[in-house]
Structure formats: C-alpha cells, structure tokens
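Note that this note's numbering gives residue 66 to position 50 of the sequence shown, counting from 1, and the numbers run on in steps of one.
Don't read these hints as lab results, they were simulated from the structure.
One or more hints might be untrue.
The list that follows gives simulated cross-link-like pairs (lysine-lysine, DSBU-like), each with its CA atoms no further than 35 Å apart [stated by the list, open to error]: (1) 54 / 96; (2) 49 / 68; (3) 68 / 54; (4) 32 / 49; (5) 49 / 36; (6) 32 / 54; (7) 54 / 36; (8) 32 / 68.
Given the structure is predicted, the values throughout are model-derived calculations rather than measurements.
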Amino acid sequence: MASFLDRLGFGKRGTKETLKDRLELVLAYDRAKIAPGKVDALRQDLLEVVRKYFPTEGSNIEVEQRGDTIMLVANIPLEKDGKPGGR
C-alpha cells in the first residue's frame, strides 16, 4: 500500500503540497491545451526509445511549469558496462 501511495506522490511530502503541485500541473496542461493522457504516452515513448539504445535503471520524467513555460524534464540514469551510473 505504501508503494502505491508513493507513486501518487504522497510518501515524500505532505498531502497539501502534493495536491497543490498536481493542481498547478492540471492548470498548466489546460492552458497549453495538452490532452490528459498525452504526457503519460510521451513518457512511455521516451523511455522506450532511450532503452532501445542504452540500458537504464529507473527514470524520472516530470512536467514542470516555470512562469509561462511548460517543460518536460527527464532524468534517466544510463548504465555503462552493465553497471548503474557508469561505474
């Protein structure tokens, strides 16, 4: 149950902050006219393409809003020689 709540973003921060962030993203998607499922589909496609060329361990792809700009930010650790982080 805890991992389910962590995936929703409730495990690390308070509920109030999490809900505020989610509302801001929903408003940003609405302003940019981005369909609700489009960002999730884009995340999956990006991961599939990266994993086609590089072994990866985990990923963190988020949509952020800075002022009037909406950005897709990807943090995808690549493995080198089969070891995480190229070690």
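Note to self: Just to be careful, I want the Cα atoms of residue 49 and residue 36 compared with a cutoff of 35 Å; is the pair within it?
What the structure shows: holds, 20 Å
Check: Within a Cα-Cα threshold of 35 Å, do residue 54 and residue 36 meet the stated pairing?
Finding: holds, 21 Å
Check: Going straight from one Cα to the other, do residue 32 and residue 68 come out at no more than 35 Å?
Finding: violated, 38 Å
Check: If you draw a straight line from the CA of residue 49 to the CA of residue 68, is it 35 Å or shorter?
Finding: Holds, because 30 Å separates the two Cα atoms, which is no more than 35 Å.
Checklist line | Straight-line alpha-carbon gap residue 32 to residue 54, limit 35 Å | finding: holds, 26 Å
Next item on the list: Verify the proposed pairing of residue 54 with residue 96, using a straight-line Cα cut of 35 Å.
Entry: holds, 31 Å
Margin query: Please verify whether residue 32 and residue 49 have alpha carbons no more than 35 Å apart.
Written below: holds, 26 Å
Note to self: For residue 68 and residue 54, compute the direct alpha-carbon distance and say whether it is at most 35 Å.
What the structure shows: holds, 21 Å
Hint 8 from the list above is the single one not met by this structure.
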